[in-house]
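> Starting from the known structure of chain C, fit chains H and V onto it as the hints suggest.
Line by line, the protein sequences give chains C, H and V. Counting from 1, position 166 in the first sequence corresponds to residue 501 in this note's numbering; the numbering is continuous, with no gaps. Counting from 1, position 133 in the second sequence corresponds to residue 468 in this note's numbering; the numbering is continuous, with no gaps. Counting from 1, position 191 in the third sequence corresponds to residue 526 in this note's numbering; the numbering is continuous, with no gaps.
Just so you know, these hints were derived from the structure itself, not from any lab. A portion of the hints provided could be inaccurate.
Since the list gives no way to pick out one identical chain from another, each pair is judged satisfied if it fits inside one copy or across any two copies.
Below are the BS3-like pairs computed for lysine-lysine, each with C-alpha atoms no more than 30 Å apart in a straight line [what the hints assert, rightly or not]: (1) K483 with K529; (2) K529 with K423; (3) K416 with K529.
Since we're looking at a predicted model, the values are computed, not measured.
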Amino acid sequence: MSIGFIDIIEYVGTFAFAISGIRLAAANRFDWFGAYVVGFVTAVGGGTVRDLLLDLTPFWMLNTSYLICTGVALAAVLFFKDNLMRFKNAFFLFDSIGLALFVVVGVEKTLLNGFPFWVAILMGSITGAAGGVMRDILINEVPLIFRKEIYAIACIIGGLVYWLMHSLHCDQILTQLSSAASVLLVRLLAVKYKISLPLLESSSQEV
Amino acid sequence: MSIGFIDIIEYVGTFAFAISGIRLAAANRFDWFGAYVVGFVTAVGGGTVRDLLLDLTPFWMLNTSYLICTGVALAAVLFFKDNLMRFKNAFFLFDSIGLALFVVVGVEKTLLNGFPFWVAILMGSITGAAGGVMRDILINEVPLIFRKEIYAIACIIGGLVYWLMHSLHCDQILTQLSSAASVLLVRLLAVKYKISLPLLESSSQEV
Amino acid sequence: MSIGFIDIIEYVGTFAFAISGIRLAAANRFDWFGAYVVGFVTAVGGGTVRDLLLDLTPFWMLNTSYLICTGVALAAVLFFKDNLMRFKNAFFLFDSIGLALFVVVGVEKTLLNGFPFWVAILMGSITGAAGGVMRDILINEVPLIFRKEIYAIACIIGGLVYWLMHSLHCDQILTQLSSAASVLLVRLLAVKYKISLPLLESSSQEV
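One chain only, chain C, in its complex shape (with noise of 0.2 Å):
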């Protein structure tokens, strides 16, 4: 097998995906083991949640590479302790690109299973967000990305940007491509300029 330059970029977003999911479970006192688990679920739940739905064999059954991958990021926590976060801009720029890269990946392999569009937009955010839903679940969190982060909007506009261009007939590269950078995109910029969703808000409790 060889490995091309979509695997390298897979690995480094799961690489940092996982990164993301250890951070917090250090933050909260897991061992190593739970640390290890909440990585493993952050970088791959939403791949897994996809496949599932989709009726496939869970992608990270078919390759160690993701057990691996997640192994590398524990030992990396474990070595580097909080001098990690020296490379924040570093990591925050690797689990975007990773986080575009799976939404690519989860579109296409909804629309090679022979559903429609609008299913194959759904799965790409699944893909990239799930993940992190899952990883706030196991630490016992209201996920972050239901409050603050722009991280789902960024999924499903990168959706609607293949959609569009895959209409238009465009080259699969060129789609593959604007469609990851869109995703990209839209985070960097909502990062940077603190956009985020308005809350909904309800002056009563009650429920």
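Chains H and V alone, transformed into the frame defined by chain C:
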């Protein structure tokens, strides 16, 4: 596709379930996106678990109407805000009718796939109740259904009524209506007379 | 259907797992229904995740005995109340025997479905450990397994022993027994000598 009476009830049920999720999300200061997701999960979560257990494609991936229904529910919450609670009794009724229908749909789909009746009753209950459990996990609370509501018992009774009438070779439409009516009746009576299950108490916290 | 030795151990394990879920539910003031569900999820949750990942019909949908076992466990908790804890050591032993068997069942079912050994070891561990994680999510606590218990490591070691002996062409029964015994041994030793994994500590809460 002609839209029949059953479809209309199903959309009403989906709408009412989504409203319950969106309002809880609003009370927890989620943003619009988070509220939409929680509403959607509340509405389709039970049926999704059922379809995954039965190894079927989740129903909402075959039809955009559940996404749209949730969107309408979000718009309603945004537009009416707290005035929405003037219709509190209407929602409770919609929610209960939706529940009743979800149970019947879950029972029938399971039987159609060749499983025995006891699995069908479980799947009917999961269809009706698992969405609310997933909603409560997402907003990081102990599922309401485990402490207060008679919800799940209503589902099980509805399933048992279906089983009984089916065994007695009753007409299918009559069986469906009686099963749904029994879910509705048990739920309404339980709420009206504040009937709930006894708590399991333990003097010792030690586990 | 003749009930063999393996079946009896499996029911004992299911019963012990269900008891652990029901007691935690009682400590959190769940009602009877909630306690039953939490007990059932604790007992069958791990195997259900495994079966969904392997694309098989969940095992408890093929046989009513797991539902009945959980019902007996609920009755035992209701009847004996806190006196149940006189049998604390017996439960710990049952629970550990159940765990050991669940791991072996998970490994073998995965191999039978044509997956490689590293997937089988993961699935053995998921079979043993994921039910407890789901239990802790339902009662809205951080999963115990991520902070204190050596539980999961015992599962992984049991899987590795299975792999090793299988590679050495040992007799199947001997392989099963040795694998189960190693799970049991690691768990008992870890509890006796209070061995746990180091925590991942982080001075910074910032993530």
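> A separate judgement is required for each hint: does it hold in the structure or not?
For each hint, the structure was consulted:
In this homomeric assembly, K483 and K529 come within 30 Å of each other (Cα to Cα) only inside a single copy, at 10 Å, whereas the closest approach across copies is 38 Å. Taking identical chains as interchangeable, the C-alpha atoms of K529 and K423 lie at most 30 Å apart only when both belong to the same chain, with a minimum of 17 Å there against 37 Å between chains. In the homo-oligomer, the alpha carbons of K416 and K529 lie at most 30 Å apart both inside one protomer (28 Å) and across protomers (26 Å), since each shortest distance falls under that limit.
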